[in-house]
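Asks: Sequence:
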Amino acid sequence: MKALTLTLSLLLLALSGLHAAPAAAADAPATSARFILLGEVHDNAEQHRLRAAWLAELMKDGRRSTVVFEQIPAQRTPALANLPAEARHDAEALVELAQLDKKNWRWPLHKPLFEASLQAGAAVAGGNLSREELRPLMKGVSAETWPADLRRLLEQTPWGEAQQSAMIRAIDEGHCGALPAAMQAPMALAQRARDAAMARAMLAAREGGAERVVLIAGNGHVDRELGVPRYLEAAGVPASEIRAIGYLEQGQEGPGRFDSRVLTAPAEREDPCKSLRR
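In full-length UniProt numbering, the protein residues as written are 1 to 278.
Derived from the structure by calculation, the hints contain no laboratory data. Warning: the hint list may mix true and false statements.
Claimed, not checked - Cross-link-like lysine-lysine pairs, in silico, DSSO-like; alpha carbons within 27 Å at most:
(1) K102 with K274
(2) K111 with K60
(3) K103 with K60
(4) K103 with K139
(5) K274 with K60
Quick caveat: nothing in here was measured; it's all calculated off a predicted structure.
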């Protein structure tokens, strides 16, 4: 009965505020999965609010949870492992300790997610590569530049021409068709490195004792065919233990392979392609 109540509560929560969404984001497999990946359009505040409320409801079951954030470099995780008292319930103090890039991530857009994690008593971890780690990846197309553990994960993850073409197409579309051809392969390699790094962070959280690991990341990273789930499965995680939920905007329903989708109204923004095309 408790599990049924939780599922119904999550279903109602997911339905509230959605404009044209399948409510599958709150289905039973999502609540029971060990690895849950929540996508996002980075500047959509409504999606962050919905996910934060969903997280808060989800974690009422008391399962030991870790929330991994794309917005934090993985190298900051040791500093977050034993939060000082002032950061345990203070999202502002936490992100300062995590060295979150407030300008690029438009803080406080993601603040509700950090607050929901802290209030539920979940551990918080970083998942991304730092700029210093990404920089050499952008200078060439060789995986020799990867850290050894990420390179091992790369080598055991099936990746063919179909995946590479789909990745480059997604990157090109994400840059409004304005990305120079010479940059496409390095950008694809950097994207794969970040996906592998986030998978590594989720696996590390499981090894650290988390019963459930939640990833907060862009929809491209949550894609089951090209993103983090592919690396989790290559590392031995059963597909049934992974739940990928895309949070998309109306009119953006096309690309991406997810177990379920939540659609929201588009955020108000200037044309993101304007400056790129110029």
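Asks: With reference to the structure, classify each hint as holding or not holding.
Replies: Going down the list of hints, with the structure as the test:
1. K102 with K274: 23 Å, holds
2. K111 with K60: 19 Å, holds
3. K103 with K60: Judged against 27 Å, a Cα distance of about 32 Å means the pair is violated.
4. K103 with K139: 25 Å, holds
5. K274 with K60: Since the Cα atoms of K274 and K60 sit roughly 44 Å apart, the hinted pair is violated (cutoff 27 Å).
This entry does not satisfy hints 3 and 5, going by the numbered hints stated previously.
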